[in-house]
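Enquirer: Sequence:
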Amino acid sequence: MNRYVCIHGHFYQPPRENAWLEVIEQQEGAAPYHDWNERISAECYAPNAASRILDQEDRIIHIVNNYSNISFNFGPTLLSWMERHDRDAYAGILEADRLSMERCGHGNALAQVYNHIIMPLATTRDKETQIIWGLADFAYRFNRKPEGIWLAETAVDLETLDLCAKHGIQFTILAPRQIEAVRLHKGDSWTEVHEDSVDTGRPYLVETPSGRTITVFVYHGELSRGVAFNGLLNSGRMFADSILAAFPKDQETHLVNLATDGESYGHHHRNGDMALASCLDFLDQEEKVEVINYATFLEKYPATAYARIRENSSWSCVHGIERWRSNCGCQDGAHADYHQKWRKPLRDALDWLKALADTLYEKEVGTYCPDPWMLRNKYIRVILNRDQQEADTMLDDCLPEEVDEKTREFIIRLLEMQRNAMLMFTSCAWFFDDVSRIETLQVLQYADRVIQIAEGETKKEILHDFLKRLSQAPVNAPGWEDAAELYVSKIRSKRLDLNSVAMHYAAASLFEHKPEKLQLFNYTYENIFFERFESASHKLSVGHIRVRSRVTFYERPFYFAALHLGQQHIVGHFANAMDVDAFETMHLELRDAFRQHAVSDMLRIMQKYFGEHRFSFEDLFRDEQRKVLSMLMENDLELARISYRKIYDRSYDLVNRMRSSGMSIPVLLKRNMETVINNEFIRFFQGDNRSVGRLDFLAEETTRWKLQLEKGLIANAAGDWLDRVFADLSERPYDMDILDLISKVMLRLHDVEVRPGLFRAQNRCFIFGKAYLNKTTSDLSEEAFLRWQIRFKGLAAQLGLAF
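Count the sequence shown with our numbering and you get residues 63 to 865, in order.
Read the hints as simulated data drawn from the structure, not as lab findings. Every value quoted in this text rests on a predicted model; they were computed, and no experiment measured them. Glycine is no exception: its CB is placed at the ideal position from the N, C-alpha and C atoms. There is no bait here: all hints are sound.
Lysine-lysine pairs mimicking PhoX-like chemistry, simulated, CA-CA at most 20 angstroms apart:
#, residue 1, residue 2
1, Lys521, Lys425
2, Lys601, Lys579
3, Lys468, Lys425
4, Lys855, Lys837
5, Lys425, Lys522
6, Lys552, Lys530
7, Lys440, Lys207
8, Lys228, Lys440
9, Lys207, Lys228
10, Lys403, Lys530
11, Lys579, Lys689
12, Lys855, Lys832
13, Lys350, Lys311
14, Lys773, Lys732
15, Lys773, Lys806
16, Lys521, Lys468
17, Lys732, Lys768
18, Lys576, Lys689
19, Lys530, Lys406
20, Lys440, Lys425
21, Lys689, Lys601
22, Lys350, Lys362
23, Lys855, Lys806
24, Lys708, Lys732
25, Lys576, Lys601
Quick list of the computed label-pair ranges, beta carbon to beta carbon:
#, residue 1, residue 2, range
26, Ala644, Asn589, 16 to 22 angstroms
27, Lys576, Asn751, 27 to 33 angstroms
28, Ala864, Gln629, 52 to 58 angstroms
29, Glu517, Leu775, 44 to 50 angstroms
30, Val642, Glu543, 50 to 56 angstroms
31, Phe759, Glu596, 35 to 41 angstroms
32, Pro94, Arg149, 18 to 24 angstroms
33, Pro94, Ala644, 45 to 51 angstroms
34, Ser678, Leu775, 29 to 35 angstroms
35, Lys350, Ile500, 44 to 50 angstroms
36, Glu157, Asp258, 34 to 40 angstroms
Kindly produce the complete structure, drawing on both the sequences and the hints.
Expert: This is how it looks when you write it as structure tokens:
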């Protein structure tokens, strides 16, 4: 066998976390999901870990982990999010690499430069840190050293390749237009090539000025464009046939390799994961073709030919790397009339800020550490494990013993400044058509965090000069003159500090069941004193806490009193310092006033002791505002549910009589019935119901009265219920009652035309069936086992599975 196929997916999302909270806040454009990471994970990352292969009747006959059969890389910042928020998909990615290691001795996963910066535009030491951090993140997750690395936008220069080779990387992947010339053997004359003439079926060695070498694979341009833009994912068969047609007839050993954004397989193209799975299945049936990963191919066929790269080139800008520093004309096409004159001044402003931060860091940290940049390289240990002990261990390795705790925390804050200074250059900020997009606003958050730390630690004014430079970047979107105006309105005005976080704690303490155990975001709270008072209409919290950042270790005392006046009305006051006796006196005065329901007295007392330092509901973070509003609304919703139910019960006989008499049911009463029945459906699936009697009634009522259901809400709740019940089945695999229960529920949902989310249930059912359908060592008799098999296959068919 000498024909090989390698499909590479570059899976990446820009970091979206709030620069102060380290969590992603709700993004309305991603609806119905919370944010874009969640949406794209549901559309792409999770499906590729459990992709469906269908038969001719559209029944699922296999569920496969695509990652185990393709080459892939995931951005470290994306994997960090997945580790916390999509653990099943995350586990599938790690498992795929482990399986490929077992199968062929080389894993499918590649590393990536840490936060997707354009490497040729970075300084030498930033390039090195990006590589070191990317490799460390990879080793932390995949438990091995990477053999290959993905360069953001495949942007390349010789120095980047040299540094990759220096750190043990064997290969990377480039686009055809990034190869300038090739030669078959060292010493041969160079043959110039262009995008359509370079042989992509073999790897090439690239020599760097230092004498190091690194292998580059060149992906097949036409096939890759076909996947990304030209409809190859419309059919797995067509995808496979196109790959097979790319093999030359007269070449003994050939690698057809293609590379695209991994999001093509499900996010950009609906069901793209299934087209990929189907394609891989067809290729697996080809006797003379082997699907392989890059490292395994390289072991079989080490590179012998040489290539000369086109420096400062990339896969997504025909002008090289101008897309990330000039108005070159490359953009996403969303607004054809938009210019990109903002790109250069944005980069200039951030370059200026980065140089200032580097000078500050080197001067201050260099006072205590002989090699501050080596220390920055090691900081990835702390980024991966936000723990005081980890930070202490790192600092112990690099600093003299006499450096005191205050100085150590100062150094950590400057390291965090450096991390944000790196994040400022995430490539997506320049990729699209305007400086007002969320990707650019995100890097401006990181810039503001750099300024905040730098100004806070040095007491030097930086913001003015930064805004002056940023004002040179014009905005296309109406309503804004320049990026400085945008920054002041959307970023600087929303800057957070420890008081912002502590205010949130104070407001949240009014509603949490156990406020003393409340932990929010990347901060810790030491509860020194807390007491809450409640009446039918008001709540009062009085407290003294110490809030501490788990990232910078900066901490501050916080004294507060917060009063809930009903609905969303919160009045709070705070101080960072207060005499112990004064705090105790205030506490007692507020307690007495609360017991007397004297709201005006409570407001006067807070004003007396705290002055003008106040906060309100508006000071809560956006997601937490929604959380509090939901909690506040729950009481009203329950009252509404009770009221609707009373009307439903009271009018039911009358409505029945009207129906039997041929009369039209009043619209208001029918709407009331729909509200009650919808609510009952959702409550059924949100609970632990194991009797379908109630569901039978709801389905009958829906059909009888021709009620309009909230099918999306019911489907989501039903999908969660099915997942829970299948989890129970794995504990009791031969429980016929559970099989019957699921089957009946599926029938009732079919009756009312509700299609539940079956992704997780199908996954569980498929795994379960593989484990138990052919098991002959069960405790069941042969006859009972046969009955169970028939029943289980029937249920699987209801879920769309064919065993």
